[in-house]
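Asks: What follows is each chain in one-letter form.
Protein chains: 2
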Amino acid sequence: MPYMDYAAGCPIDERVVEAMVPYFKEPGNPSSVHSVGLKARNAVEEARQKVAELINANADEVIFTSGATESNNLAIIGYAMRNASKGKHIVTTAIEHISIINVCKYLQKNGFEVTYIPVDRYGIVSVDSIEEAIRDDTILVSVQHASSEIGTIQEIERIGEVVKSKNAAFHVDATASLGKIEVDVEKMNADLVTLSSNDIYGPRGVGGLYIRKGVKIQPIMLGGGQEFGLRGGTENVAGIVGFGKAAEIAKQEWRSEAERLAKMRDKMIDGILKAVEESYLNGHPEKRLPNNIAVRFNYVEGESILLSLDMEDIQASTGSACTSKTLQPSHVLMALGLKHEEAHGSVLFTLGRYSKEEDVDYVLEKLPGIVERLRMMSPLYRRR
Amino acid sequence: MPYMDYAAGCPIDERVVEAMVPYFKEPGNPSSVHSVGLKARNAVEEARQKVAELINANADEVIFTSGATESNNLAIIGYAMRNASKGKHIVTTAIEHISIINVCKYLQKNGFEVTYIPVDRYGIVSVDSIEEAIRDDTILVSVQHASSEIGTIQEIERIGEVVKSKNAAFHVDATASLGKIEVDVEKMNADLVTLSSNDIYGPRGVGGLYIRKGVKIQPIMLGGGQEFGLRGGTENVAGIVGFGKAAEIAKQEWRSEAERLAKMRDKMIDGILKAVEESYLNGHPEKRLPNNIAVRFNYVEGESILLSLDMEDIQASTGSACTSKTLQPSHVLMALGLKHEEAHGSVLFTLGRYSKEEDVDYVLEKLPGIVERLRMMSPLYRRR
Numbered sequence: 001m002p003y004m005d006y007a008a009g010c011p012i013d014e015r016v017v018e019a020m021v022p023y024f025k026e027p028g029n030p031s032s033v034h035s036v037g038l039k040a041r042n043a044v045e046e047a048r049q050k051v052a053e054l055i056n057a058n059a060d061e062v063i064f065t066s067g068a069t070e071s072n073n074l075a076i077i078g079y080a081m082r083n084a085s086k087g088k089h090i091v092t093t094a095i096e097h098i099s100i101i102n103v104c105k106y107l108q109k110n111g112f113e114v115t116y117i118p119v120d121r122y123g124i125v126s127v128d129s130i131e132e133a134i135r136d137d138t139i140l141v142s143v144q145h146a147s148s149e150i151g152t153i154q155e156i157e158r159i160g161e162v163v164k165s166k167n168a169a170f171h172v173d174a175t176a177s178l179g180k181i182e183v184d185v186e187k188m189n190a191d192l193v194t195l196s197s198n199d200i201y202g203p204r205g206v207g208g209l210y211i212r213k214g215v216k217i218q219p220i221m222l223g224g225g226q227e228f229g230l231r232g233g234t235e236n237v238a239g240i241v242g243f244g245k246a247a248e249i250a251k252q253e254w255r256s257e258a259e260r261l262a263k264m265r266d267k268m269i270d271g272i273l274k275a276v277e278e279s280y281l282n283g284h285p286e287k288r289l290p291n292n293i294a295v296r297f298n299y300v301e302g303e304s305i306l307l308s309l310d311m312e313d314i315q316a317s318t319g320s321a322c323t324s325k326t327l328q329p330s331h332v333l334m335a336l337g338l339k340h341e342e343a344h345g346s347v348l349f350t351l352g353r354y355s356k357e358e359d360v361d362y363v364l365e366k367l368p369g370i371v372e373r374l375r376m377m378s379p380l381y382r383r384r
Numbered sequence: 001m002p003y004m005d006y007a008a009g010c011p012i013d014e015r016v017v018e019a020m021v022p023y024f025k026e027p028g029n030p031s032s033v034h035s036v037g038l039k040a041r042n043a044v045e046e047a048r049q050k051v052a053e054l055i056n057a058n059a060d061e062v063i064f065t066s067g068a069t070e071s072n073n074l075a076i077i078g079y080a081m082r083n084a085s086k087g088k089h090i091v092t093t094a095i096e097h098i099s100i101i102n103v104c105k106y107l108q109k110n111g112f113e114v115t116y117i118p119v120d121r122y123g124i125v126s127v128d129s130i131e132e133a134i135r136d137d138t139i140l141v142s143v144q145h146a147s148s149e150i151g152t153i154q155e156i157e158r159i160g161e162v163v164k165s166k167n168a169a170f171h172v173d174a175t176a177s178l179g180k181i182e183v184d185v186e187k188m189n190a191d192l193v194t195l196s197s198n199d200i201y202g203p204r205g206v207g208g209l210y211i212r213k214g215v216k217i218q219p220i221m222l223g224g225g226q227e228f229g230l231r232g233g234t235e236n237v238a239g240i241v242g243f244g245k246a247a248e249i250a251k252q253e254w255r256s257e258a259e260r261l262a263k264m265r266d267k268m269i270d271g272i273l274k275a276v277e278e279s280y281l282n283g284h285p286e287k288r289l290p291n292n293i294a295v296r297f298n299y300v301e302g303e304s305i306l307l308s309l310d311m312e313d314i315q316a317s318t319g320s321a322c323t324s325k326t327l328q329p330s331h332v333l334m335a336l337g338l339k340h341e342e343a344h345g346s347v348l349f350t351l352g353r354y355s356k357e358e359d360v361d362y363v364l365e366k367l368p369g370i371v372e373r374l375r376m377m378s379p380l381y382r383r384r
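Residue numbers (our numbering), protein chains in the order written: chain D, 1 to 384; chain R, 1 to 384.
Bear in mind the hints are in silico, worked out from the structure with no lab data behind them. Note that this is a predicted model, so its numbers are computed, not measured. Hints are not guaranteed to be accurate.
Chain copies aren't distinguished; within one or between two, either way the pair holds.
[As the list claims (entries may be wrong)] Here are the simulated DSBU-like cross-link-like pairs (lysine-lysine), alpha carbons at most 35 Å apart as the crow flies: (1) Lys-105 to Lys-216; (2) Lys-88 to Lys-216; (3) Lys-166 to Lys-251; (4) Lys-366 to Lys-25; (5) Lys-39 to Lys-267; (6) Lys-105 to Lys-39; (7) Lys-39 to Lys-213; (8) Lys-339 to Lys-39; (9) Lys-25 to Lys-39; (10) Lys-213 to Lys-164; (11) Lys-25 to Lys-263.
Could you put together the complete structure from these sequences and hints?
Replies: Printed below as a string of structure tokens:
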């Protein structure tokens, strides 16, 4: 089964499962005052160290959450609420993940002002436009490192420099980039970085948030003071151990994995664009995640292509799974300046650790015929 | 190792692990539009049905969260914020879990008024005092079903009737009771019920919230509209499957398990109170969770007892693990009217699925000597 929807969900690496299994039997609560609790506490701290090492941070700058969506909520709501006395203006971009967009809308209803920076046709947000948007009352700038939906990688280090020079805090959503390209909180000058476990083949229900020492946020989940008082709730020890193991593996393997995936990505993009007329690449041709093949086809619906692909045992997506519940075209694709019908004709293939070159060959064999057949049924295509 | 700290953390049932393992390899995102996503979606919905069946609810009245703490936050903040136009008064009790207490304090800082009903020396909150506290502007009453810390079970059905008759919404924290005594949302007249996965031997990082049809709450985690739009973030499919399996097992086994545990509990309470002079039971002698042995010893510190017990490979607690980070005596024990030194002399043993009668015998063999030895070192004891 050529599963090519890694951006929507990844299987857990077998080595990660192995690391987790012993902790399923362990009843210890890291807050407990006995040896069984201590064992759990040590396991959590070891995992924290591993996640920190992957992003060039200190262990006490990483907290565990229930996933990237919670981390995005905590970073933005938590920072905005805690630092509202300094200003109530936030800068972000038009192509952020739906959780960021919805959090920003929520803050707008609660007295904050948000500027959404547009992007160019490749999905690049210009460093200058960020600089121009930052005002005296801007407290936070949130920019994704890379887009899972169109693959585009931002000039995040230059943006970080600008934000720092303007004395605003910088949040980076690294959900799509972690484990695929370098994520270094120092190089990025980031104050807050969202980290996903499942996107690096760790378990779901776990995520992380990097919080630079000295940066103050308010918790959004209140409880017993876990995670340095920033996130209540008993720690998901086995899940956290799994995330730690996934981070350790990612640190060792991401460079060679990225190289392997980029070759397959390029073969697939070239193959599709050559084999299917009126097909186009979404996102940037070079500044691009190594696993991302985002294409669009005129005269056909992406969703029809998905269903036909699925019948051939190929899984793909039309964009972010998190926004699949709406019939609206993706806000990310619209931000590129695509027309509605172009956005609707988009298909996203994302490769991963278990993708093989045969999978690419298989898709290249099946896809052109599917598009052709669907176009034959399309009145738009026949009338063209 | 006689682990007797099940209230702090439970191992995952082997049958639950078996149910989860196949989903670790499954990459499907329930929001994805293909067969792999559909498989994940079906697994989540099957688990939802199982959790609903355990509490006599409909499947579409249960949403999944990251744990009991999140469910408590979502229930109270989510209900209060959504229904603030109807009134800004909340009624709860003095012995709720720290997450509820902290959420109420947060709401108090944000324009809400909260009444904390005191309890009697057994930890029982009187139905009349709840009734008297409800005002015209009371929108929500939150009462725990049972206390993990002192074992006391509230007259939750009578409280539910009163709350309903006063047209307020009723939230029940069933974290400690689920799987140990009957939890029936209809009998309780509950509108919102907090459910924990790990407390019924499911995985951590997963919880549930029952939301009665028609009851409106506002999400606290914003994202892609998952969980009926009430909880953003990709579903933790394997974890949810595990919670469902744990609920299925709990439904089949809770009655016989409660009977078995209650016998051990009674043997242990009787044994301790007989063997150790000036030892007392915390909580109610009859209205009591079947797994809860909460005792206190004059002239000694609970924490010293814990450390000595741990050296004999016995794990216990001084109260809620979630409040262990503070040196303050437990707010629950203080609410019973205990003096500081009585609260500090408390030790909590909680039994569970893997507790054996030999464990009880072993504790009864070791504990009296430990208390005796510690008392010999206590100036208070010698001066008595």
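Asks: Does each hint hold? Answer for all of them.
Replies: Taking the hints in turn, this is what the structure says about them:
1. Lys-105 to Lys-216: both (22 Å within a copy, 20 Å between copies)
2. Lys-88 to Lys-216: Cα proximity of Lys-88 and Lys-216: in one copy and across copies (15 Å, 29 Å).
3. Lys-166 to Lys-251: Answer is within; shortest intra-copy Cα gap is 32 Å, inter-copy 58 Å.
4. Lys-366 to Lys-25: Between copies, since 25 Å is at most 35 Å while 45 Å is not.
5. Lys-39 to Lys-267: between (48 Å within a copy, 30 Å between copies)
6. Lys-105 to Lys-39: between (42 Å within a copy, 33 Å between copies)
7. Lys-39 to Lys-213: within (26 Å within a copy, 42 Å between copies)
8. Lys-339 to Lys-39: between (56 Å within a copy, 33 Å between copies)
9. Lys-25 to Lys-39: both (12 Å within a copy, 27 Å between copies)
10. Lys-213 to Lys-164: Within one copy, since 15 Å is at most 35 Å while 48 Å is not.
11. Lys-25 to Lys-263: between (42 Å within a copy, 25 Å between copies)
Hint compliance for this structure: no hint is broken.
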